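As given, the protein sequences belong to chains D and G, one line each in that order. Basically my numbering = 1-based index in the first sequence + 70. Basically my numbering = 1-based index in the second sequence + 105.
Not one of these hints is a red herring.
One-sided and incomplete, this derived list gives chain G residues near chain D with beta-carbon spacing under 7 Å: (1) Tyr-138; (2) Gly-147; (3) Leu-148; (4) Phe-150; (5) Trp-153; (6) Asn-161; (7) Leu-195; (8) Ser-199; (9) Asp-201; (10) Glu-208; (11) Ala-209; (12) Phe-211; (13) Gly-212; (14) Gln-213; (15) Gly-214.
Pulled a few chain D residues facing chain G out of the computed Cβ check, cut under 10 Å: (16) Lys-72; (17) Met-104; (18) Tyr-106; (19) Gln-108; (20) Lys-112; (21) Gly-113; (22) Tyr-119; (23) Gly-165; (24) Gly-166; (25) Leu-169; (26) Thr-170; (27) Phe-171; (28) Gly-172; (29) Thr-173; (30) Gly-174.
Source of the hints: derived by calculation from the structure; they are not laboratory data. Predicted model, so just to flag it, every value in this text is computed and none were measured. For glycine and all other residues, C-beta sits at the position ideal for the given N, C-alpha and C.
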Amino acid sequence: QKEVEQDPGPLSVPEGAIVSLNCTYSNSAFQYFMWYRQYSRKGPELLMYTYSSGNKEDGRFTAQVDKSSKYISLFIRDSQPSDSATYLCAMNAGGGNKLTFGTGTQLKVEL
Amino acid sequence: EAGVTQSPTHLIKTRGQQATLRCSPISGHTSVYWYQQALGLGLQFLLWYDEGEERNRGNFPPRFSGRQFPNYSSELNVNALELEDSALYLCASSWDDDTWNTEAFFGQGTRLTVV
Chain D
71 QKEVEQDPGP
81 LSVPEGAIVS
91 LNCTYSNSAF
101 QYFMWYRQYS
111 RKGPELLMYT
121 YSSGNKEDGR
131 FTAQVDKSSK
141 YISLFIRDSQ
151 PSDSATYLCA
161 MNAGGGNKLT
171 FGTGTQLKVE
181 L
Chain G
106 EAGVTQSPTH
116 LIKTRGQQAT
126 LRCSPISGHT
136 SVYWYQQALG
146 LGLQFLLWYD
156 EGEERNRGNF
166 PPRFSGRQFP
176 NYSSELNVNA
186 LELEDSALYL
196 CASSWDDDTW
206 NTEAFFGQGT
216 RLTVV
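The shape of chain D in the complex, shown without the other chains:
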């Protein structure tokens, strides 16, 4: 069993939809949680960075962390075709950025 599980998709939604992306994990030591967006053949771009449980909002993006359930989510409101990319969740226990990544969810937002 992988430490971090993420549905690979692909996920296809119409423009303007609310997108929900999720990851589950097994290591209770994880306390830093990140979401990265990766366009094809490019490096990952940091979208959201959260510490411990709770919600964080930044523009159209909302990240949620539920440590009791070992479950994290990323919500994208008013999705745009430019949001089409692979979304990677990542996490670590602190003391350095040795990140454990999910396999990524491929998202396509259609006109």
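Given the structure of chain D, go ahead and fit chain G onto it with the hints provided.
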């Protein structure tokens, strides 16, 4: 402000040769991380350098090695290249110590192809 820069963008090597990949971190960042993104395997942690020292390494053979220079830039060396080493190699930088860390930012990667 410049982000993390990696060179070269693409690299083609023959099996058995050595490859050298380079990374310049964001100004002010002292930690450099190397990750491998192979097709179908996702991002795998390779190495962590901080203040010129190797702080941690992932589950990779010793032929994957590197170093960090006094200006915090870093090199990743892969010896005795194998076909399975073909992947996108990503460098990230952040400001960390033993007890906490800040956001890690990635470069655009070096695509290594072993033929």
